[in-house]
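Asker: Chains as they are written, first to last, in the UniProt record's numbering: chain A, 1 to 478; chain B, 1 to 478.
Bear in mind the hints are in silico, worked out from the structure with no lab data behind them. Note that the structure is a prediction, hence the values are computed from the model and not measured. Do not take every clue at face value.
[Said to hold, decoys possible] Covered, in the sense of this in silico footprint (three residues per stretch, anywhere, with C-beta under 8 Å from a C-beta of chain B), are these stretches of chain A:
1. 49 to 57
2. 321 to 332
[Unchecked claim] In silico SDA-like cross-links for lysine to any residue, where the CA-CA straight-line distance does not exceed 25 Å:
3. K340(A) - L82(B)
4. K340(A) - H452(A)
5. K302(A) - D65(B)
6. K459(A) - L56(B)
7. K374(A) - K459(A)
8. K336(A) - Q83(B)
9. K459(A) - G317(A)
[Stated by the list, open to error] From the structure, some residues in chain A lie toward chain B, with a derived Cβ separation under 7 Å:
10. A61
11. F99
12. P180
13. P310
14. V315
15. W417
16. K418
17. T420
We put the CB at the ideal spot given by N, CA and C, even for glycine.
Chain residues, written in single-letter form:
Protein chains: 2
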Amino acid sequence: MNVSKIKGETMSYNIEALQLKVAQLSRKTHELGIPVMILFEGVPASGKTRLSNELLLNLDAKYTDFIATKSPEAHNLRYQFLQKYWNTLPQKGNINIYFRSWYSHYLDYKENQIKQNQYSNYDVLIRQIDDFENMLKKDNYEIIKFFIEINEEKRQEHIEQTKENPLMKWKVQEYEKVIPQDIYISEMRQIINDSDDWKVIDYTERKQAIENMYLHIIERLESAIDNFQTHESVIDGNFNKNFSTSLFDIEVPKIHKKEYKDQMEILQNRMRELQFALYERKIPLVLVFEGMDAAGKGGNIKRIREKLDPTGYQVHGISAPTDVEKNHHYLWRFAKEMPKSGHVEIFDRSWYGRVLVERVEGFAEQAEWKRAYKEINQFEQMWTDEGALIIKFFLCLDKKEQLKRFKDREKNPDKQWKITHEDWRNREKWDLYLEASYDMIKHTNMNEAPWHVIPADHKKTSRIKVLQTIINRCEEVL
Amino acid sequence: MNVSKIKGETMSYNIEALQLKVAQLSRKTHELGIPVMILFEGVPASGKTRLSNELLLNLDAKYTDFIATKSPEAHNLRYQFLQKYWNTLPQKGNINIYFRSWYSHYLDYKENQIKQNQYSNYDVLIRQIDDFENMLKKDNYEIIKFFIEINEEKRQEHIEQTKENPLMKWKVQEYEKVIPQDIYISEMRQIINDSDDWKVIDYTERKQAIENMYLHIIERLESAIDNFQTHESVIDGNFNKNFSTSLFDIEVPKIHKKEYKDQMEILQNRMRELQFALYERKIPLVLVFEGMDAAGKGGNIKRIREKLDPTGYQVHGISAPTDVEKNHHYLWRFAKEMPKSGHVEIFDRSWYGRVLVERVEGFAEQAEWKRAYKEINQFEQMWTDEGALIIKFFLCLDKKEQLKRFKDREKNPDKQWKITHEDWRNREKWDLYLEASYDMIKHTNMNEAPWHVIPADHKKTSRIKVLQTIINRCEEVL
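One chain only, chain A, in its complex shape:
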């Protein structure tokens, strides 16, 4: 169907044809697995509800969701600014309609000075929004943004219509919004002018508005489908055959058993105190563990947890993604598990799998893992912006020591389950993992979320070192 041909015929026919066309295209994006996000911003009573509802009713309910943004309540504020949008991200082929979006959310924060002690400047949130949208767009998410305008006379008509009905009067109060209308409009105008991807729609003429909305969606979905089809993939870990680094060759002394026991007790007690201090100060803590197989990630995590209050932390053992996880942006399954204020989330392997196993095994294309460094930095910054402490450990094992541990595990009936064919396969790719790890540390060693490379040949020494590092980093912020 040629869009230009639709125009010029009778208005009512137009809309029906456009509805049909959008329904067709959305089935196509569904089949192809393109996720679509459609945002509706606009002043109260502008026709945002009517327009978004028109669209909602025309899409297949099986894969369409309607996400409304409201002013945050106290419990919402315990989470990161974009948390809700991460959690509700559409999966491949699904469509989310946003009734108000992260833009209203941002203006609500700014206008009402929410978490003002946290942000030096509310531009931080605009940067987060840019980062969020960009990483989604690169993953084939199609983001379509509408701003609905209306003349004031017509808007008052809408309000009066609602007021007349006694059962719906309460709804009118919602128009006394959290953001004064003039500020909302001038701020949104600024945002729209600074960008080229907003479609402004005047709702004064209802049918014209619907037509414009559909025409714009058709254009965007068609382009998304075209771009998707021409997408070329390169699967290549891009490894340097002569890679060499001394980053992981750190010798450390063995610690004496008695000294270990004494130190461990002191550090664990301190760790427990710090857990409560972080809770009181509402600081979220993220601990990330990466490193060679059998380097002792689990054992380290066990020592950290031992005296913690279990109601305040969670351990996430990360393995291959489920089907549902594969159908989302790769950061989605981690974003959902990031801590609320005062909580501790411990990741036994993490989002860094994108640039480690996914790169080495070819699960991610070259373009994907290469851009992941930046995305991961942006992702972590979303939480450090909120005052979260992110501490990343790379546990570094000597290749011979790994062999010894693998063999020990195989011999011990209570440890056999810990060793699998996969561990042996990974070992064969030792150099590739080393290079990937080196690149990872180089590209994601941010000031606010630095890596700590921990020699792990001596289990006890590494555990003391890890606990000391966490305690030092916590004490810096407390």
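Go by the hints and put chain B onto chain A.
Answerer: Okay, now just chain B, sitting in the frame of chain A:
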């Protein structure tokens, strides 16, 4: 390992051996796919935290979760009493440790008269708990319940230890609990006496307590593993070859187009008013649509939604469960989507799939779908207990009319996507679906959540009838 042999050796060896044994058994339940739920109840400072933490640290973090029950905040109260426990149900092979459980939650409700206008009597919640546990047990969930006691002197010691540390003082306030201690104890004693599946553990002697905990878990996991292995399945739809019913043979007149349009407008406007009225009165509404393929479920739902505020309802198009969904109790994926107060959830197919498609196609064993009637009634009652309105529609199509609609869909390029091989396959099993539908209506036609059988041969007539029914049912409760 023989448990009796462990006893009598030195205490410290015992515990290590017991830890090892529990770790082994939990790997076995993980492999077999047995979900395990371990509850810890007990007065504050009894040692509940220490004991549950001892267990938590000994289990594999990859499949163990720690779920703490706290006094509900305002936003939690918008959901059904057991909602949190439904949402966090362990999947097959996983272990949940509950720090306080639905029993503390119940006592909190009862003692603080939470939602007292809703429940005639708080025994309603005990009945819900029984139903919840029973349906899980029948699905191989192993539920292990501990009640921790301690002598008062030792308890005061625990409290003093905490008070001494300035960073942890705030924690002591938690001991000023939402339920007075004497009431908590006497109520819990009653619950424990009325049941035979609680294990009471005295924490006055720490090592003895740990030993007793592990011994009990070993016993329970071993029995769970044995029972799981001897489990026999019968896959059989149990159909009567001479089934006949007149339940679905209802003739209705065709409605005139003009009359339909006029009535529809009135009904939809009323529907919108009722949505707001339900919202104001905080009544959740659940609409369930079942019926033959092509009976018009989607078209009906579209007419219901057309004038509703999209921020207050959601449509759930139910298809085959995902891998993650299959790894939970079959009601889990629906429980998560049930409405909070004042919201509307519309199910296009539903949990009734258990006794329809799963029975007919043999996806559920005979024992499973047969007990599902009762489970579904109990499930729905959990929400009607909270004042939810559940309206269930069975859209009933003539076999010839279905054929006509299938052929129409095949001819129309914009409707072809609606018709699949599966629809034709289901049609071949028409009589089996009819009998399953008949049995479903017979066994789940509860007073509080009755079925409405709607003749669907004339689309317009059925839409009017469905809307009228919803409006009548809503008006009854408003």
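Asker: Are the hints correct? Go through all of them and say.
Answerer: Going down the list of hints, with the structure as the test:
| no. | hint | in the structure |
| --- | --- | --- |
| 1 | 49 to 57 | holds (count 5) |
| 2 | 321 to 332 | holds (count 3) |
| 3 | K340(A) - L82(B) | 23 Å, holds |
| 4 | K340(A) - H452(A) | 24 Å, holds |
| 5 | K302(A) - D65(B) | 14 Å, holds |
| 6 | K459(A) - L56(B) | 22 Å, holds |
| 7 | K374(A) - K459(A) | 32 Å, violated |
| 8 | K336(A) - Q83(B) | 19 Å, holds |
| 9 | K459(A) - G317(A) | 20 Å, holds |
| 10 | A61 | 4 Å, holds |
| 11 | F99 | 6 Å, holds |
| 12 | P180 | 22 Å, violated |
| 13 | P310 | 5 Å, holds |
| 14 | V315 | 4 Å, holds |
| 15 | W417 | 6 Å, holds |
| 16 | K418 | 10 Å, violated |
| 17 | T420 | 13 Å, violated |
Of the hints listed earlier, those the structure fails to meet are numbers 7, 12, 16, 17, in rising order.
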